[in-house]
Amino acid sequence: MEFKDYYQVMGLQRDATEAQIKQAYRKLARKYHPDVSKEKDAEARFKDLGEAYEVLKSPEKRAAYDQLGKGPRPGEEFKPPPDWASGFEFSGASGARDADYSDFFETLFGGARRERGFASGGGFSGHDNEHHAADHHAKVLLDLDATLEGGARILTLKLPQIDGEGRLTTQERTLNVQVPKGILPGQTIRLAGQGAGAGAVRGDLYIEVEFQPHPLYRVDGRDLYLDLPVAPWEAALGASIKVPTPAGTVDLKIPPGSRAGTKLRLKARGIPSAIPGDFYVALQIALPPATDDKAKAAYRAMAEAVPFNPRTSLGV
Amino acid sequence: MAYEGLLAGEIFEDFAVLSVDELSRLCTVDRTYIIELVEEGVLHGSGSDATDWRFPGAALRRARTALRLQRDLEINLPGVALVLELMEELGQLRAELAGRR
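Chains E and L, in that order, give the protein sequences.
According to the numbering used here, the first sequence is numbered sequentially starting from 861.
According to the numbering used here, the second sequence is numbered sequentially starting from 3.
These are calculated hints, taken from the structure and not from any lab test.
Glycine included, C-beta positions come from ideal geometry on N, C-alpha and C.
Nothing false has been slipped in among the hints.
Here are the in silico distance ranges between beta carbons for each label pair:
(1) E:Lys1154 <-> L:Glu87: 54 to 60 angstroms
(2) L:Asp23 <-> E:Arg1062: 16 to 22 angstroms
(3) E:Asp901 <-> L:Arg56: 37 to 43 angstroms
(4) L:Leu88 <-> E:Ser1133: 26 to 32 angstroms
(5) E:Pro1167 <-> L:Ala97: 36 to 42 angstroms
(6) L:Ala10 <-> E:Pro941: 50 to 56 angstroms
(7) E:Leu1097 <-> L:Gly7: 53 to 59 angstroms
(8) E:Glu1009 <-> L:Asp32: 37 to 43 angstroms
(9) L:Asp32 <-> E:Ala1012: 34 to 40 angstroms
(10) E:Leu1001 <-> L:Ala10: 19 to 25 angstroms
From chain L, some residues computed to sit far from chain E (all C-beta separations above 10 angstroms):
(11) Glu42
(12) Gly43
(13) Ser48
(14) Arg56
(15) Pro80
(16) Glu91
(17) Leu95
Chain L with its partners taken away, still in its complex shape (with noise of 0.2 angstroms):
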């Protein structure tokens, strides 16, 4: 295959705010979706209510992320939230034990 020219890319967390609408557009799911997250705990949106939330960039990856857990294991937000969490620390845990090596 013949590659293209070459292309620019961005670093997407550098300069993305995202409202409710356009999280869940980029996630192709219902805005309610983006809420129920919110209200998990799993995102974090600056505002006061909903219409004007702002969330950071990095928040794509982690609702693709909470959507993937939730579809393939069957499990409810609460479980989510958990599992998130915890592999978070995992990977706090296994940098310091690199760092211990």
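Next comes chain E alone, as it looks inside the complex (with noise of 0.2 angstroms):
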């Protein structure tokens, strides 16, 4: 078993006070809470974190803990000692709702949370129907073409499951999922009956859905965009270019006089529904090196040919 260090995972001292754990609390909770963060292991670092405060904040725990010490040296297995916990009586209210712990937390503390009972729920709970809680929620990150096209996906999801001993624990479950076309991040796939439960009060399963960056596009609502490069005579003179969509490959004509930033609207080509979202190309003005004889006297010919101040807007 893997030993956790409480105190690293809080940036803390091993002295710290209440207050300091606390506010270590506070302020990491803010930082790596899931629904805030943009770091990428905010889930796990959260979990980490409310398993950490969930032992540090309670005296009894804490003190248990401590006589742990340092956990054992780098590379050894971690094993609690026999005569763990003796004398001390992890019975305070705490918050272990719906979180789930590691196997360390659980072998430490976990015998005294089965005691209370966990669906106690705290202040938010209290309305247990029977059915609904048997509901899921999960999340997934697709892939654009997924709503493109709406295929099968196969999607494994973390899930909290009860086990045999009234634990709560992670169970990772596996599913061939028809992914509904057009569904947008922020939505959520409902599978009805996949809950957990049997039988007439089986419980749903709902999946909040998130997108993966895509390469090239990017999703605003249904609309999709494109940042097309362009060399400056084609955007100067007009041309017909290859552009790559979801669908295939099409050619657009870029009309003459085109601008850096001009955007160019695809109908119907976004993300499909009733009223499907439409494909925009923004123009980038790609500028050709000079890195040769022949270029340079092309750019001075241009210069020459051509009066052009980019700085009139300017005054200068």
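Hints in hand, dock the two standalone chains.
Dropping the structure here:
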């Protein structure tokens, strides 16, 4: 079993005061809260933080934890001492609501939680309707193609499950799901009857959807955006150029006199729906490098032939 | 683990119209909490009073986010409402910024 250094998780010294522990928790909770954070590993960090705080904020648990010292030497397995927690009573009402703790925590403090029964739910539950208590919620990152084409995807979900001893654990569940065409980030896939429970009281599974960033396209509502580099002469003179779209490559006409930032619309080639989104191409003007003599000569010839001051708006 | 058969997903927001009781059951909170979210302006129900309020499906995710913020960050309801508004604004600004790059 892996030893958890709860002080390290919270960035605290081992002699931290209760006030410092609370302060550290609040600060880090704001930083790593998965609803707010942009950090990559926010979810895992927040989970570790919640667990560390659960132990360190409780004087009994903290005292018991402190007895373990700093854990085993690197590379050694941690085993709780045989006389673990004798003389401690982990009784304080804790926020062990739907938290899912590590094996380390469960081994050391899980017993107390089981005796208390974890379905108490703090201040937020109290409405444990038998049917809807069996609903499950999960999150998933989909690729953009899933919404454009609405294909089958193998989704691996982390779901809270109650094991035979009444403990809350996370279990991976793999489902083959027909992703509904046109679903947007921020929306929810419902799979009726795929929650917990059995028979008539089987709950539903709600999967919150976000998209993985696409290498080419940016999503804005139902619309898709592509930044399209064009050569200066293509923008100035107009051109017909090949553009990748989700439905395949298309020929796009660039009107003469186009400027950087010009947006060209391909109607109804965005995310599908009764009123489908559009596909926008934003022009970016790419300059050819003046690395050889020929290119340099061409630039010089243009400078002579075209009187052009790009800074007139600056008054210079 | 063996895969189960292909499951047809439906977009919850496309069809769901929720009453206060349905929303509170889905969030496993007391209905008074949903009413507080409405009073704070976090959720908007159509209808004159709480018994006939109807919420769009998107309210589920919003209410759950509010609940998590309040529980995990120990902030009060006006604070949650402010965070949600600022996060929305941040999302719009990020989208706009991505469009300008």
